[in-house]
Amino acid sequence: MKYFLISLLALVGPRLAVAQTPVPPVSITLGSRHGHVTPSRQGFTHTGGGNIDVAQPTPDTVIVTMTGVAVAGGHPVKNSVAALHFDLDQCFEIKFDDPKLKRARLSLEARVIGLLRSHSKGTAEEGSSRATIFCGPVQLLTLCAPQHAVSCGENRSVNCMEGPVVAPVAPGSYALHETFVVQASHPRSLLPCKAASSEFASDPALDPLWISYWEPFHGAAKKDFGFRVIIKVLPD
Amino acid sequence: MFSCLCVCTSLLLAQTPAEPDVPPVTAPATATNRWLLMESLQGTWYGDILDSQRMQVSGWTEASFTASTDRHTNYPQGFNDRANDFLLQQNWIRFDQPVVASGSTEPSFGFRSDWIVGSDYRYTLPRGLWNGQLTANNGQPNLYGVDPVQFYAEAYFPTIMRGLDIKIGRFVALYGVEQISAPDNVLFSHSFDDVFDPFTHTGLLATLQLTDTWTIQAGLVTGSDIFVGPGSNPTFTGSVKWAPPGGRDSILFCVILGSGRFDQEHDFNNPQFFDLVYTHKFNPRLNYTFEGSFGFMNNVPEIGTAYWGAGVSYLTYDFTPRTSGTIRLGLFDDPQGERTGFPGLYTQLTTGLNIRPRRDITIRPELRWNNNNETAAFENRHNLFTAACDVIFRW
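From first to last, the protein sequence lines stand for chains A and B.
Under this note's numbering, the residue at position 188 of the first sequence is numbered 188, and the numbers go up by one with no gaps.
Under this note's numbering, the residue at position 157 of the second sequence is numbered 157, and the numbers go up by one with no gaps.
Hints in this document: simulated from the structure, not taken from any laboratory.
This structure is a prediction, so every number in the text was calculated from the model and none was measured.
Using N, Cα and C, we set each Cβ at its ideal position, and we do this for glycine too.
There may be inaccurate statements among the hints.
Per label pair, the in silico range of CB-to-CB distance [unchecked claim]:
id: 1; chain 1: A; residue 1: Ser120; chain 2: B; residue 2: Ile49; range: 13 to 23 Å
id: 2; chain 1: A; residue 1: Asn79; chain 2: B; residue 2: Phe86; range: 40 to 50 Å
id: 3; chain 1: B; residue 1: Ile251; chain 2: A; residue 2: Pro192; range: 44 to 54 Å
id: 4; chain 1: A; residue 1: Arg188; chain 2: B; residue 2: Ala101; range: 33 to 43 Å
id: 5; chain 1: B; residue 1: Gln179; chain 2: A; residue 2: Ala149; range: 20 to 30 Å
id: 6; chain 1: A; residue 1: Asn79; chain 2: B; residue 2: Phe253; range: 58 to 68 Å
id: 7; chain 1: A; residue 1: His177; chain 2: B; residue 2: Arg162; range: 54 to 64 Å
id: 8; chain 1: A; residue 1: Arg188; chain 2: B; residue 2: Ile216; range: 49 to 59 Å
id: 9; chain 1: A; residue 1: Ala220; chain 2: B; residue 2: Asp184; range: 31 to 41 Å
id: 10; chain 1: A; residue 1: Ala149; chain 2: B; residue 2: Ile49; range: 24 to 34 Å
id: 11; chain 1: A; residue 1: Ser120; chain 2: B; residue 2: Phe253; range: 52 to 62 Å
id: 12; chain 1: A; residue 1: Thr38; chain 2: B; residue 2: Met161; range: 22 to 32 Å
id: 13; chain 1: A; residue 1: Pro204; chain 2: B; residue 2: Phe385; range: 51 to 61 Å
Just chain A, same shape as in the assembly:
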């Protein structure tokens, strides 16, 4: 009987522990959202991905991920430009679920992970990676990840993190405004010329046939590619 009880405890113990995870005293409730991704292409180009993912893994955390790919190669008669412009407005409300709680902090953190490739002529870049939290007309928190560009045969693997920046907050309504741009361009070229690419999305956004067979980042893990912003509210 004793061993049976031990078995039972071992079986249900961890699940009880999971069930008893404390509810955070402060939480975020997502509100209305307006987001769009605008591709623009001219010449010999490819764009892929173009996702804005808003996730809330826990009540006090929101993760926004923007992913996309832009490729431009040498077209024999015209210049090539490919770009994806991301723009998001996300409203949210901060609630104090614990009546004893008087103050809280809002933290904002951003990271950009991806690959930039160029060959003899093209240019690839990522930029405008910016996240701002407004409280009414007031900018409460702002983060700008550094811009990166490659050209003339340069290649670069980007992995940048900015923040966290923190500000005290009260219960109420807030808004997140976030932008991101991936872009590639290539002048016209009669001779075969490999494409420049700005890759900030996981497979299969970028068809391998669009990049060089001897690409310098072969085998890179791409699951975390993109511009990711993490908003977290913490009791103070």
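Assemble chain B onto chain A, guided by the hints.
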């Protein structure tokens, strides 16, 4: 004891599954059958045009040197027939759009255009297609020339039995072990029956896969080694193949059934020809192949009915994934000399290596002995020894 088992089982069940911490496998950069040219074009506008239409441009270059006991020519040994000389045998250029043979139930269409630029054209060029090259050198062939060795349109219907493939144009003959295309042969030199039997046909060919094991082919062509024009003759070519998937043995039986009469007006061969290929895999490394063939033709001037036959055995051992060795023992009986010009029973013994230091480079050194028991076919000798090597670079 039962209680202990209960505890252990409970502990195991209680474990929350761990997130797999394995990075995702990224998509392969390209298909494995891409070679240097397509690899170089990948990511360019021209490469995209080809890839988007399922087209490829590829090929290879084959150069060889043959040391010989003869002074000038190794003939009737074919293809590498220049004694103690270099040859640029094949610059093979392939432009094709393969049909989609798997993963789809929709019919698909394609084409292939293969060109030989090199010395091998002298053997493969058909009657009626750029034959001026064969007499341009004071009545003799130019050493180097051009042969569009294959050009056909292709359609594939995956829902008819296990797949029906139809080709219209010029294509290589169905039979045999050895091929015109150098990379498809384990040994560098060609056996006599490969050199003196038909290479290509022009016409219509249907290939029907009945089951996973059985495949049949049937075609109506203009004759053997002839394009279109005087001398063309309606000829049937067909084959039956038995090759169980994963099996150790396979059999391929082919026929070429034409008029069987030598065309004296146009001085052209119309042989009847039968060929059987049997393969056996002793183990993953050791393979045996046997080819037996027989041909005959009536109405041959000063001969009447000419006939010939051959039997060739190949034993191949894979020393490593990149190196194999092959022994080939071949008999070719040409009793009236209608095929080779020298009557007799030819015996040839060849041993060679197939070395692939890189995926795109193949080196094939070999030693070969030839004998004609009846006629001094090799520059007034009965025997010929050659030591040869070629290099194939695929691009």
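Status of each hint after checking the structure:
1. The hint said 13 to 23 Å for the Cβ distance between Ser120/A and Ile49/B, and at roughly 20 Å that hint holds.
2. Look at Asn79/A against Phe86/B: about 48 Å separates their beta carbons, and that is inside 40 to 50 Å.
3. Under the hint 44 to 54 Å, the C-beta atoms of Ile251/B and Pro192/A, about 46 Å apart, fit the expected range.
4. Hint check: Arg188/A to Ala101/B, Cβ distance near 38 Å, so the stated range 33 to 43 Å holds.
5. For Gln179/B and Ala149/A, the hinted distance range of 20 to 30 Å is not satisfied, since their beta carbons lie about 51 Å from each other.
6. Taking the beta carbon of each, Asn79/A and Phe253/B are about 60 Å apart, inside 58 to 68 Å as hinted.
7. Range check, His177/A to Arg162/B: about 59 Å between beta-carbon atoms, so the 54 to 64 Å window is met.
8. Here the CB-CB span from Arg188/A to Ile216/B is close to 52 Å, well matched to the stated 49 to 59 Å.
9. For the pair Ala220/A and Asp184/B, the beta carbons lie near 37 Å from each other, so the given range of 31 to 41 Å is met.
10. Range check, Ala149/A to Ile49/B: Cβ separation about 28 Å, and the 24 to 34 Å hint holds.
11. Take Ser120/A and Phe253/B: their Cβ atoms lie about 56 Å apart, and the range 52 to 62 Å holds.
12. For Thr38/A and Met161/B, the hinted distance range of 22 to 32 Å is not satisfied, since their beta carbons lie about 50 Å from each other.
13. A C-beta distance of roughly 58 Å is found between Pro204/A and Phe385/B, which places it inside the suggested range of 51 to 61 Å.
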